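Assemble chain S onto chain G, guided by the hints.
Residue numbers (my numbering), protein chains in the order written: chain G, 1 to 318; chain S, 319 to 914.
Where hints are given, some of them may not hold.
As the list claims (entries may be wrong) - No farther apart than 20 Å at their CA atoms in a straight line, the calculated lysine-lysine pairs in the PhoX-like style are these:
#1 LYS546/S <-> LYS534/S
#2 LYS159/G <-> LYS740/S
#3 LYS767/S <-> LYS740/S
#4 LYS830/S <-> LYS55/G
#5 LYS743/S <-> LYS728/S
#6 LYS55/G <-> LYS859/S
#7 LYS707/S <-> LYS859/S
#8 LYS159/G <-> LYS622/S
#9 LYS660/S <-> LYS827/S
#10 LYS527/S <-> LYS159/G
#11 LYS534/S <-> LYS55/G
Simulated from the structure, these hints should not be mistaken for lab results.
Computed from a predicted structure; not experimentally measured.
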Amino acid sequence: MSQYILRRLMIAIPSLLGISVVLFVVLALAPGDPFSELATNPNVPPEVQAALRTKFGLDDPIYLRYLHWLAAMAQGDWGFSFVSRINVDTLILQRLPTTLYVIGSAQLLALLIAIPVGVYAATRPYSLFDQLANTFAFIGFSLPTFFTGILFILVFSVKLDWLPFVYTDVPGSGIPWLLEMIRQAIMPVMVLGLFQAASMTRFVRSAMLDVIRLDYVTAARAKGLGQAKVIVKHVMRNAMIPVVTLIALQMPAVFGGAIVTEQIFRIPGIGSLLISSILANDTPVVMAVTFVFACLVVLFNLIADVLYGWLDPRISFR
Amino acid sequence: MFDNNLRGMIDDVRDGRMDRRAFVKRMIAVGLTAPLANQILAIGGVAMAQSPNPYKPTKRGGGGPLKLLWWQGPTLLNPHFATGTKDQDGSRIFYEPLASWDVDGHLNPILAAEIPSIQNGGLAADAKSVVWKLKPGVKWHDGKPFSADDVVFTWEYASDPATAAVSSATYAGMTVEKVDDLAVRIKFKDPTPFWANAFVGAYGCIIPKHLFAEFKGGKSREASTNLKPVGTGPYKFIEFKPGDLIRGEINQDYHMANRPYFDTIEMKGGGDAVSAARAVIQTGEYDFAWNIQVEDEVLLRLEKGGKGKTLYAVGGDIEFIAINFTDPNTEVDGERSSMKTKHPILSDPRVRQALALLVDRESIKKVIYGRAGRATANYLNGPEEFVSKNTKWEFSVEKASALLEEAGWKAGSDGIREKDGKKLKLLYQTSINGPRQKTQAIVKQACQKAGIDVELKSVVASVFFSSDVANPDTYSHFYADIEMFQIPMTQPDPALHMRRYHSRNVATKENKWQGPNFPRWVNKDFDAAVDAADTETDPIKRADLYIKCNDLMWQDTVMIPVMHRLAVEACSNTVRPALSGWANQTDNLQDWYRET
Numbered sequence: 001m002s003q004y005i006l007r008r009l010m011i012a013i014p015s016l017l018g019i020s021v022v023l024f025v026v027l028a029l030a031p032g033d034p035f036s037e038l039a040t041n042p043n044v045p046p047e048v049q050a051a052l053r054t055k056f057g058l059d060d061p062i063y064l065r066y067l068h069w070l071a072a073m074a075q076g077d078w079g080f081s082f083v084s085r086i087n088v089d090t091l092i093l094q095r096l097p098t099t100l101y102v103i104g105s106a107q108l109l110a111l112l113i114a115i116p117v118g119v120y121a122a123t124r125p126y127s128l129f130d131q132l133a134n135t136f137a138f139i140g141f142s143l144p145t146f147f148t149g150i151l152f153i154l155v156f157s158v159k160l161d162w163l164p165f166v167y168t169d170v171p172g173s174g175i176p177w178l179l180e181m182i183r184q185a186i187m188p189v190m191v192l193g194l195f196q197a198a199s200m201t202r203f204v205r206s207a208m209l210d211v212i213r214l215d216y217v218t219a220a221r222a223k224g225l226g227q228a229k230v231i232v233k234h235v236m237r238n239a240m241i242p243v244v245t246l247i248a249l250q251m252p253a254v255f256g257g258a259i260v261t262e263q264i265f266r267i268p269g270i271g272s273l274l275i276s277s278i279l280a281n282d283t284p285v286v287m288a289v290t291f292v293f294a295c296l297v298v299l300f301n302l303i304a305d306v307l308y309g310w311l312d313p314r315i316s317f318r
Numbered sequence: 319m320f321d322n323n324l325r326g327m328i329d330d331v332r333d334g335r336m337d338r339r340a341f342v343k344r345m346i347a348v349g350l351t352a353p354l355a356n357q358i359l360a361i362g363g364v365a366m367a368q369s370p371n372p373y374k375p376t377k378r379g380g381g382g383p384l385k386l387l388w389w390q391g392p393t394l395l396n397p398h399f400a401t402g403t404k405d406q407d408g409s410r411i412f413y414e415p416l417a418s419w420d421v422d423g424h425l426n427p428i429l430a431a432e433i434p435s436i437q438n439g440g441l442a443a444d445a446k447s448v449v450w451k452l453k454p455g456v457k458w459h460d461g462k463p464f465s466a467d468d469v470v471f472t473w474e475y476a477s478d479p480a481t482a483a484v485s486s487a488t489y490a491g492m493t494v495e496k497v498d499d500l501a502v503r504i505k506f507k508d509p510t511p512f513w514a515n516a517f518v519g520a521y522g523c524i525i526p527k528h529l530f531a532e533f534k535g536g537k538s539r540e541a542s543t544n545l546k547p548v549g550t551g552p553y554k555f556i557e558f559k560p561g562d563l564i565r566g567e568i569n570q571d572y573h574m575a576n577r578p579y580f581d582t583i584e585m586k587g588g589g590d591a592v593s594a595a596r597a598v599i600q601t602g603e604y605d606f607a608w609n610i611q612v613e614d615e616v617l618l619r620l621e622k623g624g625k626g627k628t629l630y631a632v633g634g635d636i637e638f639i640a641i642n643f644t645d646p647n648t649e650v651d652g653e654r655s656s657m658k659t660k661h662p663i664l665s666d667p668r669v670r671q672a673l674a675l676l677v678d679r680e681s682i683k684k685v686i687y688g689r690a691g692r693a694t695a696n697y698l699n700g701p702e703e704f705v706s707k708n709t710k711w712e713f714s715v716e717k718a719s720a721l722l723e724e725a726g727w728k729a730g731s732d733g734i735r736e737k738d739g740k741k742l743k744l745l746y747q748t749s750i751n752g753p754r755q756k757t758q759a760i761v762k763q764a765c766q767k768a769g770i771d772v773e774l775k776s777v778v779a780s781v782f783f784s785s786d787v788a789n790p791d792t793y794s795h796f797y798a799d800i801e802m803f804q805i806p807m808t809q810p811d812p813a814l815h816m817r818r819y820h821s822r823n824v825a826t827k828e829n830k831w832q833g834p835n836f837p838r839w840v841n842k843d844f845d846a847a848v849d850a851a852d853t854e855t856d857p858i859k860r861a862d863l864y865i866k867c868n869d870l871m872w873q874d875t876v877m878i879p880v881m882h883r884l885a886v887e888a889c890s891n892t893v894r895p896a897l898s899g900w901a902n903q904t905d906n907l908q909d910w911y912r913e914t
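Same shape as in the complex, but just chain S:
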């Protein structure tokens, strides 16, 4: 019924019987988010509203300096080599994509003249091609005109395996061709309902063909432009010291009216998060600091009578505990956690459910994450339209004990449960990081009450997240019973986020543990739903499929979501940044200004 109503409403909007704002409001009323509602309209054949960020200044420049503090300084300025978000943030000052994600998660045209939709002929009905129209009259910082050739070249550059670009996957499975000087067509191999991955956001930054053409492929490292970016962005490059400082000045030829507001920009790196928060909130030496992963208690203290405040951007980043479905203690053909084994304890769903009941999310939120976290039962937490309403979580030692009892784990003489002479003992690993070790302690305590002996292990982050095949301590080897970390959602679409756990992606010795399905969970229904969603062009059916995926993970207790984490930034009271939980902090830098 909902489905029919929705289709009716989409028609109403298209034919002008209902205004798009009313549509979005109604969607929000039934639990959909604004970005979803807009995507629905786009697929339903209604052009996306151009919803720029609020911007007051009436002339370009005159805003003085903008001082940004990144406690990990950007180390390189080529967006296609950007290993961390810090590098993406730095590159984004100078380079621009065709569109960015705005505050509400809408596409906001940057170098594009308009956002493709079925109505304006940009989107093909079969979701196999997209035509992007480019803004005319845009100039690179060196004065050369920007054109479709640059967009096509960016695709060639990033998708060439010899370039070793980190964005290569974003540009795989498609071809990009020039329609005319101000239009490009992306052709996808398969129907691609989420077409706004290439040329959008951090990995979507367009690089100038005339400066990079000679440095495609194996010679990519030698380009001097890697260190002296020439982009189309609101600020022009002055100086870069890796890990320390980026300086830029206003681009007087910028292609958006009255923008940018600031005359110069400085991005300073180094130090730690607490003192970065101090420099913005307490002393006001800087205007904005990134990624303030500091205990809420400390932030609240700094904010009292301060010169700044913290800002929170809601995205889909999820901190979770993953459960190993294979046996980490048995070696088969030189591989532990082999697909040929089953976990002796955790393959029983009752034990997994008991574990989920033992994660005290309320306390974890209160003690550790504060305003920067939201307790959730879902693995998939955004955008709204993809969030399941069918799940719930609770914390109950009694219920967990009862489940374990039912599963045959009886209390032993030392308080630890046992079954067939075997102790209920689990190894719980994570990376070294203050909040994670505290969460480990909270979970361990609850487990002890329920008679589970939990051994804690913490691994240095650079090892835990490395792809070193020989190192057994990485998250993808998963030589432990349960493990905890965070997976960020870098775009407002769940496709990549959910595809990880398809059974074909299981991490094994054979694929050098590169398969992203590290819990080694296999579920036919999940596989079918992910496969169907990958090519489903009806946004409503597609959202349903992802909700089903999320619910399957919840029913099977593959992941125990610990916290839906928000991005935390510190900002001066006078600066008005344009932030989005779905993008890099600098993704809408052109719209930042200072209230005077």
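Here chain G stands alone, though its shape is the one from the complex:
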């Protein structure tokens, strides 16, 4: 087992290097520079813009820039943002708690809805409940979050005036602060959570249906076990194996943020950092966020594989 993990980690190194080369080259080839805002300002002569390009090494050849970046990254230096002129790791760490809170809550909400609904629907296939759950699931994952987000804003903020639609760091502490933090997170968490829940419900339901028809389940019922015990102890345990993998593979997204939803609700998370850095051509930040994301995907893939083996001992590591 430990040998297997070690081998997987060793294989991860070249693939991460490959990913970093591709990312870097694509970003370097993308046109534009972070100082374009200066262009039309009559107070700033173009030489200033050019001097900044030189100072930040944007005029060096790509391979040199890549080697610089790699050498720095290997020593734990993530570089600094051209736009904010501060270290990229500071910038990312500032955004991480919000992302974890909002996206994490959304994932949790998705699970809390998807598992009971999916399981219950699978025990009574084609019943009224199942039909309703299916219909809502289809609607849920057909509607993009930018649509539901704006719809929620129009209904709950503009018409009803119940919830704020600008997410911001509220100063203070104590119960009122906690309530405010929850209040402003309701809409984004609902939008993201319901979207996730929709596809996950479908997944849980089909995983359950696959298992529920197996002979051992019939045998368990024949033994005279109650419905609840059969479903929870015998069916769910096996049906959840692929679901656990799915959840593990979605974990990087919790760190990566949700670009569209964060933009709509002005959530200061990693997703909005990424999109504003892309728009501003702030290469070091884009590079760091995407690369960290790539590392997380590789890592959670490994975790998923290990978990899979642990849950299902028939799978062996070689």
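Here is chain S on its own, set in the frame of chain G:
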């Protein structure tokens, strides 16, 4: 005659025979603007009126929070690194210049004790030096006293090329010396009629010497104060998250009486302009939102029964179509649009005039800009005293067709005009931006009616405005026949605005396309007028020179002005901001209050 009258009136004001308000009124009556009139008085030896913004509160603080929404959040808080206006706005909460531009475009003393004038001995008659007297007793947020050393240091810091400050040009061509603890003298290399550039407005913010002294030059990025500003401003720094949030609290030691009004300030970033307008006008979650570039129709709908309204500040920002005087399709020594070529179609003035006749400014205003635009024939739209009354514009497909006919462009079988077997075809480029693409469509339609085939091209803004030498799609390469964008006027003086088009500033491969004269227009009279205006100390003659520059551009159809654009902000019905079209939105933040 006007000239003589004016001189007489200036003397009247100086000797107390006429009151300054009457003078300004009379100037406005003859078409000059208030700021111009005041500048005239200053140069004529009359001290500028101290005209603070209206301010009602009678005590400091007690106003609760002020919540600002900037849909592009500030990304750094050092005013001398501020790449965009958003960064200037954010820095300005904490840092202050010697003077700001107030609502009417007057200089409003902030850290200065008074505005320099010839009368108070601040301005030299030859316009080669200025003495600024500083307000006594001002303290930095950390309690250290503010003095002339800080002002001198700011100049040293910004003008050091190794610092790579974006404000470096503002502080070039001058030296700054300490007269005493509360006075500095700026010495200009050449006579500088517009002396109020350094230490005024966004790039004029003074930074504390005791915190930045070690970080001048190459080490400028390492200063921790870059992220935790310590200024003299009305609000003290609490927290900053780049691109997301700035928080500040009231500065109880602020140097102006009864100011500021609000106890805390929050500037939130992110999102888009429409939802920012919604958060202020419709739901009232925020008090003020910046730069609401939203279709007027949408704003009008939001404003119905809303909690806020839109505000418009008039400055000199101009949206225009520039014409290429060189040939973008012929390559000479590895360079297209080379000065060695002439544009095969557009070098004929009749074709350029025809194009100007095909820009339907009325429709563009009606459909796109609404209250945020004013149709104009001038490239230079402010301040009033510099605005030409000699120009006019019109939209007429017939007249344009007649001009093209006269120039030898005859209608071809497919409706597109041709001459010597060549089609009348133009490439029209701009940056990607909703209003711009709509304007392109309106212009293209009119051109088609007149038999011009217009090909549209839109480039992502970050590419269009980049200084990337290798990228052919930037506005300064100008590898197209005509192009459209906006040039803002960041101060109430046309010097920088007009100097761009001097023939020595032509953008070429040799200067890596850094020359700001991108139409590559060369006109000896224009050069002479700009050169003369640069050192002309008589404000009236100087204004005449700039009007002449504007008229030359109009006669030669170098630029086709599309829209004189106003700054649009969304503001709560109860907040009274002090805004100026000549400055950043936060330039007079100390005077903001809430009507209760």
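Structure-based check of each hint:
1. LYS546/S <-> LYS534/S: Holds, because 17 Å separates the two Cα atoms, which is no more than 20 Å.
2. LYS159/G <-> LYS740/S: violated, 59 Å
3. LYS767/S <-> LYS740/S: holds, 18 Å
4. LYS830/S <-> LYS55/G: holds, 17 Å
5. LYS743/S <-> LYS728/S: holds, 13 Å
6. LYS55/G <-> LYS859/S: violated, 42 Å
7. LYS707/S <-> LYS859/S: The given pair, whose Cα atoms are some 16 Å apart, holds under the 20 Å limit.
8. LYS159/G <-> LYS622/S: holds, 14 Å
9. LYS660/S <-> LYS827/S: holds, 16 Å
10. LYS527/S <-> LYS159/G: violated, 52 Å
11. LYS534/S <-> LYS55/G: holds, 15 Å
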